[in-house]
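Visitor: In order, the protein sequence lines correspond to chains A and B.
Using numbering that gives the first Met the number 0, you'd call the opening residue of the first sequence number 0 and step up by one each time.
Using numbering that gives the first Met the number 0, you'd call the opening residue of the second sequence number 0 and step up by one each time.
If you are wondering where the hints come from, they were derived from the structure by calculation, not from laboratory data.
Each residue gets a CB set at the ideal place from its N, CA and C atoms; glycine is no exception.
Please note: incorrect hints may appear among the correct ones.
Now the stretches of chain B that chain A is said to cover, found in silico as 3 or more residues with beta-carbon under 8 Å [said to hold, decoys possible]:
hint, stretch
1, 26–32
2, 42–48
3, 55–66
4, 121–130
5, 150–158
6, 231–238
Residues of chain B clear of chain A, computed beta-carbon distances all greater than 12 Å [claimed, not checked]:
hint, residue
7, H4
8, V36
9, S38
10, Q52
11, A164
12, G169
13, P212
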Amino acid sequence: MSAAPTSSRRLPAPDFAAWLGVAPFFVFAAMFLIAPTAWLLVGAFQDHEGVFTLGNIVRLGQPSIRLSYWLSLEVSAASAILGALIGLALALAALRGGLPSWLRPTLTTFSGVASNFAGVPLAFAFMATLGRLGLVTVLLRNVGIDLYAHGFNILTFWGLTITYLYFQIPLMVLVVTPAIDGLKSEWAEAAEMLGANSWQYWRLIGLPILWPSIIGAALLLFANAFGAIATAYALTGSSFNIAPILLYAQIRGDVLHDPNLGYALALGMLAITGASNLAYLALRARSDRWLR
Amino acid sequence: MKRGHPGAWLAVALGGLYFLAPLVATFEFSLRMRRGVYSFDAYRVVFASGNFQASFLYSTVVALVTIVVAALIVVPTAYFVQLRLPRLRGIVEFITLLPLVIPAIVLVFGFIRLYGSSSVLPLTATSLGADALLTFGYVGLGLPYMYRSVDSGLRAIDVRTLTEAAESQGAGAVTILFQVILPNIRSAILSGAFLTFAIVIGEFTFASLLDRPAFGPYLQLIGASRAYEPAALAVMAFALTWACLGLMQLVGGAPAAGARR
């Protein structure tokens, strides 16, 4: 009874100093993250005179734009699925494969570097590797395998996918490692005592626990590839018209001859990366329950 | 399982091949400039180029300013959220994740539209304004990493006791932040700083679309016009990334989960 007045007396005292301390952060976020994005969203729903319209969204369906979205989806999906599977295999091998213990920190450190080695220099590296005069191309030709005679080209879908894998696989390793570490050894021991072999352990225990992490990580990889432009642009110029490259050309020189359609193009990209990031966060929340 | 699963060996061997081949190939290619003999000519040409020096210097300065601005924004925010405004944690963390969700090309498009020459705040109209815009864009790119690094640094020290001790000596909030908290989370800030540097130094999208004379657009230009110099530059960029991440681990940061460009 006597406690009530005390608490109501000290309740509403806004902490001005603290609010002043966080103010720059919110001003920054409003000016350089939220407002620019919101501005584009508004423009995507306006015509030339600023009147509300859904026409820009509808016109995203025109063949050239649809094709560029489709190419982006394909490259992102291929590099995300392959990156997730290969990254998972590598992480499992290094963490659970009974290999020498120095492999684990080596893989983690290398993954930290390689997942940040993207953009223009990565494109250069793959040109020097799998380009027409690249080392691997030349070596393979010397043993009788002519990649380019078989239709391979670094400037195409598979060339770009193989290049993207260079940062996708390491990202997968980094994201999935905590999940694999979360598999408690007691579970493996219990399964073994009950007579399960290692195939049964992975099929009935390991993978059912890991799958939300794996799918979530694949979605993260997908969004990661979908927004990327520098690598593709440096590798292929504007000959490989994925959505970010089309948007780049639109910003540079209004190739669509319609600024508002450009905003809609950006909105479409944001919707796709936003949706896959949200799904990733939801799945991570689910898998976090096992990691406690 | 003790001596190593054969499948695990195979996976690591194939992975090693895929990851090492481009490094070896790029290095080998970078040595081929002089006909018939390996030489470091490509590196010599690159280092002697005025455009290389100017753009690298420009990007280094932008990166350093970015790091200072990011630290000035992030440290007080993380500190006050942890100590006095815990109910803001959710929204602050959400905002720090935004740069990972919004593709850089979309964000810079918004910059150009919002701060273009015909807008209320025409930052792109002057060279200094565009530099500032580029820097703020980079602060955004580094924000997720800087915030996570500083936040976990603050968790590792006893912020409340340090603050109370300083207050009992009569220190104000600014003094506490700069003279008590900052020195105690120096390694966390440095670790965020090295990662930010690695992300920003060769960044292409922002710099190119804001027409800045930065290292990323320079790299792209060389890639489109030269044969051997790009390989030499790729080797240098890889070494630089490695150095940044190595320094980051040295100062005791958590391993970084992927920058996105």
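Visitor: Next step is simple, just say for each hint if it's right about the structure.
Guide: For each hint, the structure was consulted:
With 3 residues bearing a CB less than 8 Å from a CB of chain A, the stretch 26–32 of chain B meets the requirement of three and the coverage assertion stands. Three residues within the 8 Å Cβ limit are the bar, and the stretch 42–48 of chain B against chain A gives 0, so the coverage statement is violated. Coverage of the stretch 55–66 of chain B by chain A is violated [criterion: at least 3 residues with CB-CB distance below 8 Å; count 0]. Only when three residues or more bring their CB closer than 8 Å to a CB of chain A does the claim for the stretch 121–130 of chain B stand; here the count is 0, and the claim is violated.
Note: the stretch 150–158 of chain B has 0 residues with beta-carbon separation from chain A under 8 Å; the three-residue rule is not met and the coverage is violated. For the stretch 231–238 of chain B, the assignment as covered by chain A holds, since 4 residues bring a beta-carbon within under 8 Å of that chain's beta-carbons and 3 suffice. With a minimum CB-CB distance of about 5 Å to chain A, H4(B) fails to clear the 12 Å threshold, and the non-interface call is violated. Its beta-carbon lying about 17 Å from the closest one in chain A, V36(B) satisfies the requirement of being farther than 12 Å from that chain.
Listed as a non-interface residue, S38(B) keeps its Cβ farther than 12 Å from every Cβ of chain A; the least gap is roughly 16 Å. In this structure Q52(B) is separated from chain A by more than 12 Å, as the shortest Cβ-Cβ distance comes to about 18 Å. Non-interface status of A164(B) relative to chain A is upheld: no Cβ of that chain comes within 12 Å, the nearest being about 18 Å off. Every Cβ of chain A is farther than 12 Å from the Cβ of G169(B); the closest lies at roughly 15 Å, confirming the non-interface assignment.
Listed as outside the interface, P212(B) is consistent with that label: its C-beta sits roughly 15 Å from the nearest C-beta of chain A, beyond the 12 Å cut-off.
Checked against the numbered hints given earlier, the structure breaks hints 2, 3, 4, 5, 7 and satisfies all the rest.
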